[in-house]
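*Asks:* Now for the letters of each chain:
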Amino acid sequence: METVRVGSVEEFAPLPARKVVEVGGEEVGVFRLDDGFYAWRNTCPHQGGPVCQGRIYNRVLEALDAGRRSLGRRYDEERVNIVCPWHGLEYDIRTGRHPGNDGMALEPVAVQVQNGEVYVSL
Amino acid sequence: MDAPIRTASAMPIQEMGVETDTRDYLAHARAHARKAGYADWTIVDIDAHHVETVHWHEIIDYIEDPVLRHQATMYQKERIGAPPYGLNGDLGLRYQDVGGRIPHQSSRREKVDEPGVHLDVALTRRAMEALSVDYMVLFPTPMLFIGMHPQVEMEAVLSNAYNRWLAENVLSAEDGILSLAVLPFNSPDAACRTVEEFGANPNVIGFTVTSTRYKPVHSNEYMRLYRMIEETGKPIAFHAGYHWQDPSLATCNSFLGMHALGFVWCNLVHMTNWILNGIPERFPNLNSLWVESGLSWVPFLMQRLDDQYLMRQSEAPLLTKMPSDYMRESCFYTCQPLEKSSEVGLKATFEMINAETQLLYASDWPHFDFDAPRVIYDIPFLTEDQKRNILGRNAARVFNLPSKAGARKAA
Numbered sequence: 001m002e003t004v005r006v007g008s009v010e011e012f013a014p015l016p017a018r019k020v021v022e023v024g025g026e027e028v029g030v031f032r033l034d035d036g037f038y039a040w041r042n043t044c045p046h047q048g049g050p051v052c053q054g055r056i057y058n059r060v061l062e063a064l065d066a067g068r069r070s071l072g073r074r075y076d077e078e079r080v081n082i083v084c085p086w087h088g089l090e091y092d093i094r095t096g097r098h099p100g101n102d103g104m105a106l107e108p109v110a111v112q113v114q115n116g117e118v119y120v121s122l
Numbered sequence: 123m124d125a126p127i128r129t130a131s132a133m134p135i136q137e138m139g140v141e142t143d144t145r146d147y148l149a150h151a152r153a154h155a156r157k158a159g160y161a162d163w164t165i166v167d168i169d170a171h172h173v174e175t176v177h178w179h180e181i182i183d184y185i186e187d188p189v190l191r192h193q194a195t196m197y198q199k200e201r202i203g204a205p206p207y208g209l210n211g212d213l214g215l216r217y218q219d220v221g222g223r224i225p226h227q228s229s230r231r232e233k234v235d236e237p238g239v240h241l242d243v244a245l246t247r248r249a250m251e252a253l254s255v256d257y258m259v260l261f262p263t264p265m266l267f268i269g270m271h272p273q274v275e276m277e278a279v280l281s282n283a284y285n286r287w288l289a290e291n292v293l294s295a296e297d298g299i300l301s302l303a304v305l306p307f308n309s310p311d312a313a314c315r316t317v318e319e320f321g322a323n324p325n326v327i328g329f330t331v332t333s334t335r336y337k338p339v340h341s342n343e344y345m346r347l348y349r350m351i352e353e354t355g356k357p358i359a360f361h362a363g364y365h366w367q368d369p370s371l372a373t374c375n376s377f378l379g380m381h382a383l384g385f386v387w388c389n390l391v392h393m394t395n396w397i398l399n400g401i402p403e404r405f406p407n408l409n410s411l412w413v414e415s416g417l418s419w420v421p422f423l424m425q426r427l428d429d430q431y432l433m434r435q436s437e438a439p440l441l442t443k444m445p446s447d448y449m450r451e452s453c454f455y456t457c458q459p460l461e462k463s464s465e466v467g468l469k470a471t472f473e474m475i476n477a478e479t480q481l482l483y484a485s486d487w488p489h490f491d492f493d494a495p496r497v498i499y500d501i502p503f504l505t506e507d508q509k510r511n512i513l514g515r516n517a518a519r520v521f522n523l524p525s526k527a528g529a530r531k532a533a
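In the order they appear, the protein sequences are chains A and B.
At position 37 of the first sequence (counting the first as 1) the number is 37 in the numbering used here, and the numbers step up by one without a gap.
Heads up: take any position in the second sequence, counting from 1, add 122, and you land on the numbering used here.
Short, incomplete list of chain B residues facing chain A, as computed with Cβ under 8 Å:
id, residue
1, Arg128
2, Ala130
3, Ala132
4, Met133
5, Glu137
6, His150
7, His154
8, Val220
9, Phe490
10, Asp491
11, Val497
Calculated from the structure, these hints are not laboratory results.
Even for Gly, the Cβ is constructed at its ideal location relative to N, Cα and C.
Between the sequences and the hints, there should be enough to build the whole structure, so can you do that?
*Replies:* As structure tokens, this is what we get:
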């Protein structure tokens with residue numbers, strides 16, 4: 001396993017921020033949310049698409065009233081997804097999991113911050 | 123942490139969008155092609171799309187009727203905020219990109235600086251390179267609705283103009299860019315004229331019925347058309363589409379539900395009529411190709427029709443064998459969008475349709491549910507020979523295309 005420098009913490013702004021890097025032919029997406037850094041392989045488990053190079057969307061929820069009637073959809077302010085640009089599959093940036101299928105998940109990459117620098121280990 | 127520590131290289135594209143070059147967008151498909159060694163394979167993509175309305179101002183020049191051509195010219199020149207002249211459709215109900223999540227579905231505004239090369243040729247070449255495809259069959263996009271045109275004559279006017287424009291400006295055997303000419307199916311005589319006009323064109327390798335329409339495919343008025351197509355030796359394709367205004371589908375409140383059903387429903391109906399009325403018995407040398415409905419509907423319909431047929435054979439007297447036999451022997455299918463959530467179901471489907479000989483690869487690029495060749499390559503229960511058949515050999519046989527295995531770009 002090799003540890004490589006991705007960049008300085010300051011480069012990851014404004015939030016949510018992301019940097020997709022390539023190391024020795026391997027592609028990794030490093031994301032910064034308000035509670036820390038997360039890193040995932042840039043390969044969608046669906047068809048191998050460049051998932052980390054997609055757009056970032058908050059998760060969509062559907063609100064129900066007490067009578068279980070739909071109040072329509074809204075964005076979840078807490079949960080943030082990366083969306084694969086090939087087919088639109090979404091993954092929670094914190095957990096790497098598809099919001100509708102726990103068994104479908106991105107491959108994690110170890111990420112750490114030391115002295116204001118962000119590193120990943122491959 | 124041990125020193126020295128390398129610094130990772132930032133990828134040139136951090137976020138893909140509508141301006142991303144097709145080759146960058148599909149770089150992972152290209153990487154897979156190199157790894158799989160596709161340079162040695164013939165890969166035929168039976169269903170890809172271009173957006174013909176981008177060039178509608180060119181297409182209207184091919185309208186034969188001088189009055190309509192003049193009308194179209196004035197409309198395109200002066201009318202503000204209007205859809206393309208004469209074209210029916212669903213205006214803004216186009217949610218395929220899932221609210222911007224899938225940019226390539228919305229637009230390809232990438233830079234193309236190739237003087238003398240038509241934009242659609244340049245974009246198609248890029249997609250072929252990225253997907254490692256030797257032949258790519260182009261279909262229109264908004265015109266998939268044209269079977270619902272309220273003016274029957276206009277379906278023929280616009281289909282003819284489109285076919286001629288495409289043949290003169292985009293198709294190229296040298297490039298491997300081919301088409302299945304759009305039949306103005308609501309006007310059988312006009313459809314016959316399309317076969318007469320393009321039957322000998324080597325870049326037009328078959329004929330398309332855009333499936334979204336309310337016409338019975340077994341009507342006697344189509345028998346001359348089927349005979350003519352059979353005589354060309356080229357297949358007839360039924361390219362699926364949706365129709366949200368269909369009363370049943372209008373109950374669906376999401377594009378997800380409507381699209382999942384709609385793209386299958388039209389072909390379910392046409393296939394049922396095609397088989398039960400014995401079209402394969404009447405025209406045994408006419409191959410039919412069922413495009414863009416995925417595959418899971420086929421085992422369903424095979425079992426459903428077989429079950430009912432045994433009890434009511436007198437209502438389908440032309441048949442000499444089970445409906446599923448015709449569906450497996452005289453019908454061909456494109457794989458996209460390949461439903462692959464269940465390997466058990468997929469394997470059963472492949473066996474029931476005899477995928478080894480009847481299944482053809484299709485990408486549907488650049489649409490939101492496109493399939494790269496690896497959807498076939500990665501199937502664990504297929505042998506390499508079967509994968510080669512599905513990705514190219516079957517299509518080469520059905521469409522009489524020369525093999526290009528090993529003859530194209532270095533992978």
